[in-house]
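Asker: What follows is the residue order along each chain.
Number of protein chains: 2
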Amino acid sequence: MRRYIEWEKYPERKALARSLLRTHKFSLPPACIPEFQLAPLPTTNPVLIGHRWKEYHNALGLGEIVDFSWHTVLREKKDIIHLLDFPYNGETRRDQLMQGKLTDNKYHFIRNHGGVPNIDAAAYELEIGGLVNKPVKLTLAELQDPSKFPQEEVTVTIQCSGTRRIEQIGQYPGDGDELINAPWGEGAIGTAVYHGVSLKKVLKIACSGVQPECAHLEFIGADTYFKKGDVFNYAVSVPLRKVRATGGEEVLLAWEMNGKPLPQIHGYPLRLVVAGYIGARSCKWVTRINALAEPSMGPVQRQEYLYYSFQTGKQNAEYSNGFSIQAMPVSSAIIFPEEKQIVVHSGTIEVKGWAYSGGGNWIERVEVSPDGGHAWYETHQDEMTEKHYHAWRLWTIKLPVDAEGWIELCVRAWDSANNTQPTFVRSAWNWDLHVTSSAHRIKIYSINTSRSETRRRIALMKEHGIESFEPLTRPLPFALEDEKKYLETVRRYPREPTS
Amino acid sequence: MRRYIEWEKYPERKALARSLLRTHKFSLPPACIPEFQLAPLPTTNPVLIGHRWKEYHNALGLGEIVDFSWHTVLREKKDIIHLLDFPYNGETRRDQLMQGKLTDNKYHFIRNHGGVPNIDAAAYELEIGGLVNKPVKLTLAELQDPSKFPQEEVTVTIQCSGTRRIEQIGQYPGDGDELINAPWGEGAIGTAVYHGVSLKKVLKIACSGVQPECAHLEFIGADTYFKKGDVFNYAVSVPLRKVRATGGEEVLLAWEMNGKPLPQIHGYPLRLVVAGYIGARSCKWVTRINALAEPSMGPVQRQEYLYYSFQTGKQNAEYSNGFSIQAMPVSSAIIFPEEKQIVVHSGTIEVKGWAYSGGGNWIERVEVSPDGGHAWYETHQDEMTEKHYHAWRLWTIKLPVDAEGWIELCVRAWDSANNTQPTFVRSAWNWDLHVTSSAHRIKIYSINTSRSETRRRIALMKEHGIESFEPLTRPLPFALEDEKKYLETVRRYPREPTS
Chain Z
1 MRRYIEWEKY PERKALARSL LRTHKFSLPP ACIPEFQLAP LPTTNPVLIG HRWKEYHNAL
61 GLGEIVDFSW HTVLREKKDI IHLLDFPYNG ETRRDQLMQG KLTDNKYHFI RNHGGVPNID
121 AAAYELEIGG LVNKPVKLTL AELQDPSKFP QEEVTVTIQC SGTRRIEQIG QYPGDGDELI
181 NAPWGEGAIG TAVYHGVSLK KVLKIACSGV QPECAHLEFI GADTYFKKGD VFNYAVSVPL
241 RKVRATGGEE VLLAWEMNGK PLPQIHGYPL RLVVAGYIGA RSCKWVTRIN ALAEPSMGPV
301 QRQEYLYYSF QTGKQNAEYS NGFSIQAMPV SSAIIFPEEK QIVVHSGTIE VKGWAYSGGG
361 NWIERVEVSP DGGHAWYETH QDEMTEKHYH AWRLWTIKLP VDAEGWIELC VRAWDSANNT
421 QPTFVRSAWN WDLHVTSSAH RIKIYSINTS RSETRRRIAL MKEHGIESFE PLTRPLPFAL
481 EDEKKYLETV RRYPREPTS
Chain C
1 MRRYIEWEKY PERKALARSL LRTHKFSLPP ACIPEFQLAP LPTTNPVLIG HRWKEYHNAL
61 GLGEIVDFSW HTVLREKKDI IHLLDFPYNG ETRRDQLMQG KLTDNKYHFI RNHGGVPNID
121 AAAYELEIGG LVNKPVKLTL AELQDPSKFP QEEVTVTIQC SGTRRIEQIG QYPGDGDELI
181 NAPWGEGAIG TAVYHGVSLK KVLKIACSGV QPECAHLEFI GADTYFKKGD VFNYAVSVPL
241 RKVRATGGEE VLLAWEMNGK PLPQIHGYPL RLVVAGYIGA RSCKWVTRIN ALAEPSMGPV
301 QRQEYLYYSF QTGKQNAEYS NGFSIQAMPV SSAIIFPEEK QIVVHSGTIE VKGWAYSGGG
361 NWIERVEVSP DGGHAWYETH QDEMTEKHYH AWRLWTIKLP VDAEGWIELC VRAWDSANNT
421 QPTFVRSAWN WDLHVTSSAH RIKIYSINTS RSETRRRIAL MKEHGIESFE PLTRPLPFAL
481 EDEKKYLETV RRYPREPTS
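Top to bottom, those sequences are chains Z and C. Quick note on my numbering: the first sequence kicks off at 1 and runs consecutively. Quick note on my numbering: the second sequence kicks off at 1 and runs consecutively.
Hint data in this document are derived by calculation from the structure and do not stem from the laboratory. Among the hints, erroneous ones may be present.
Given that identical chains are not distinguished, each listed pair holds provided it fits within a single copy or across any two copies.
Said to hold, decoys possible - Heads up, simulated DSS-like pairs for lysine-lysine below, C-alpha to C-alpha not over 30 Å straight-line: (1) 25 x 462; (2) 9 x 484; (3) 14 x 484; (4) 485 x 9; (5) 485 x 227; (6) 462 x 228; (7) 101 x 228; (8) 14 x 485; (9) 204 x 9; (10) 78 x 25; (11) 14 x 134.
The structure displayed is predicted, hence computed values, not measured ones.
Only chain Z is shown next, with the shape it has when bound in the complex (with noise of 0.2 Å):
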């Protein structure tokens, strides 16, 4: 079997599929999954079983598809945090997300909207079509040729518009649309060098151009894609300017990944690199092009990825009253230390994390605060990976803490064209809870061994042999000061006044 179908040219196969998913008796997921966001979310990985899109996959008789997905995470992804099983939706994990300006092939975070299709190279063909003034289709071969079309490497970061969803998610849930929102932390980011050809160049080279009419450049993936008791193939669009922008370098057909073959997981043998854009547009397993003069009706182009207004929800949304995210907000995100976390220092904590804005801009200055977005301090430009027009950078900073409890540390970027983040999550909470851009702040619980109290309290824990102050809500064994001490103190600060 092949292990993805084309949908978008045979409407006969699109409507036995409706009638078959329509008519099809789905089971409901187990009791112990929970349904999108109220209830906690589970400590499992997988965190989430995707169970109605493996039903709608048995039902067309496509299960090889879920199964040959999952063995390509197992292959390809083994050591992420594996949010949803299927579509495989996988988070880079801390440690590895901080390893370097570039994230490695194996960590990289995927967000896939349907099973990841097998291709095989050697017979592919990507179409293109539309209007454009000569429709074409092309071999991977052609395609690679230097001599037909100039090659390029772009240094790019993807960021799906769901990064630090888990944000949103906790403060007030939103809609889980037609799949559940996977739940991303600060690790639906990631950075690598992207070669292949420019999709300028291949429309002017191989289509003589785009007629006068087309605005737009849909891409279709291999991937099936559910909607509404409707099936697709994974589509979606982005503006004939942005592919000619800069020279072209801004939409590319890729087939390697800092330096390696595409990844199966990852779009193998050729995908979209949109650089700036929301991850959704970096279309995977490209099959076919069309020049349009509007925005793709693919759903995930109308129907998902809208960035809605704060009053808009399940009682009013429309496809039409939320915006189309295609360029990517300033964003940031505090990597280490992590929430909740107790940090041991002597006046000074070691920050690091991330720093990105699309849409052509990047990132000028980063400032952290230690009180809640009081004071702020700026990183220093030794402290943050180089600058590159279309990818984050990593930042460290040493930052002053005084004060002992639970502080709130966060952290805001400013970008090329001096834009900064929103202040709080509620800021810029929207219905489908997209692009959580707003200054990350994570509560940390700061232990001052500066301070003479806490210096003897550390050395009374050894005398007892407790080493660490973790777990922070187990008491201590031992009496917290002896009577002597403590009838002189209140004796001489008695609670009640004399008179």
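Model the placement of chain C on the given structure of chain Z, informed by the hints.
Answerer: Below, chain C without anything else, positioned relative to chain Z:
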């Protein structure tokens, strides 16, 4: 076996217990029981299992107390929320809480510190000693003889200082202390008419008054308490000045609650009721009262219920650097609607809750905000229960709400001394997680049917047989907008500029 033990008069008994506790091999709680509050709380009932305290009791051969306590719970408190099975901590449900000014005995919250003692009322004696002019022992019959002691009835709200602790736990976990800090919601508060005798008058009549050095009265209960490997009877104290205040009505020895005999779990046959103070001072199953020059050295008085400052925690907390919680500050809570509830309304939401102030103050004003604390609306006196010197007021307000989506309702009360509540949980966070008296905030999802788009969506849902917005995050199975309308709108207001 007697289902309680007196420890405080028998140093050799305490020494033996201490040595048993030090040599006993205690088992750890099963992994599925969260150790204190860093893991999400279970949604079981009981919520938490008092593993360690059961182990302590069993080590001393007092397992029967554990069983007797739980049987008492099932008999007297079956229908409330069991937060901790042993020592029993149970919280009043929302509907029970709002039934009226007085809380039904079977619904009144319970915060016990040890097992329930099984006292034979006929053999019971209250011993009064220490710095009194005449130490005495009084039988229940003597105390209840109106020719000896004038009887009093006072309407008193008792509140655990842990009320609304869950808000502190959720944001900033703190001390697990010697036993698990119960994750109280808004129901660790209740009101009853207590009937008994004034302690002031008992001291005067039966003991011929106290000696000049006496400044505090210590109450010792029949329940067994453990702290740092040592064993005690429950013991707390209040200032003599409190006992003498306002004619003695603020500190009662009570045997009736709402016209019925004191339930076993509430302190039968005799308890203290200390109006305006933290519930912990209202000692249940009182067997001895000591007149002292200084506050009780019992661990509950001296080492717990301390109100620490913000930077005090595991690294530096000592008993003398928190102050003892006695009088309770002004506080309030929203009971209806509930956190994360979907509220369908037509521009007005009925909000209900309680408001209380201790320390001799009463509630003058309650204000509710529909927008996180920006604008406030005052409740009308006719929509509040009557004033008492020592009791809460329940309140209702019809709150104007226009906005849709996630809104934050909050409440603040003002008392007769013009005190009001801190703004945020963080404003009064403290390591032992006591006195969560900040403005109570809940998030609700507002759906306003005065809007035509919302009415249209509700009609469309009905056409598809969907009667409810629950669960909020489950997607609607139909298209949110037809293609024709979608195209009209996006063509009229295209995303990209034309030039």
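Asker: If a hint holds in the structure, say so; if it does not, say that too.
Answerer: Quick rundown of the hints versus the structure:
1. Taking the closest pair of Cα atoms, residue 25 and residue 462 come within 30 Å of each other only across two copies (22 Å); inside a single copy the shortest separation is 62 Å, beyond that limit.
2. In the homo-oligomer, the alpha carbons of residue 9 and residue 484 lie at most 30 Å apart only across protomers (22 Å), although the nearest pairing inside one protomer, at 86 Å, exceeds that limit.
3. For the identical chains of this complex, residue 14 and residue 484 are inter-copy neighbours only, at 21 Å across copies versus 83 Å inside a copy, given an alpha-carbon limit of 30 Å.
4. Proximity of residue 485 and residue 9 under a CA criterion of 30 Å is satisfied inter-copy only: 25 Å between copies versus 84 Å inside one chain copy.
5. Taking the closest pair of Cα atoms, residue 485 and residue 227 come within 30 Å of each other only across two copies (19 Å); inside a single copy the shortest separation is 70 Å, beyond that limit.
6. Only between protomers do residue 462 and residue 228 lie at most 30 Å apart by alpha-carbon distance; the minimum there is 17 Å, versus 61 Å within a single protomer.
7. Within a single copy, residue 101 and residue 228 get their C-alpha atoms no closer than 40 Å, and across copies no closer than 51 Å, so neither meets the 30 Å cut-off.
8. For a Cα distance limit of 30 Å, the shortest separation of residue 14 from residue 485 across copies, 24 Å, qualifies, whereas the shortest one inside one copy, 81 Å, does not.
9. With identical chains, the CA atoms of residue 204 and residue 9 are at most 30 Å apart within one copy only, with a shortest distance of 25 Å there and 98 Å across copies.
10. With identical chains, the CA atoms of residue 78 and residue 25 are never at most 30 Å apart, being 33 Å at best within one copy and 42 Å at best between copies.
11. For a Cα distance limit of 30 Å, the shortest separation of residue 14 from residue 134 inside one copy, 28 Å, qualifies, whereas the shortest one across copies, 96 Å, does not.
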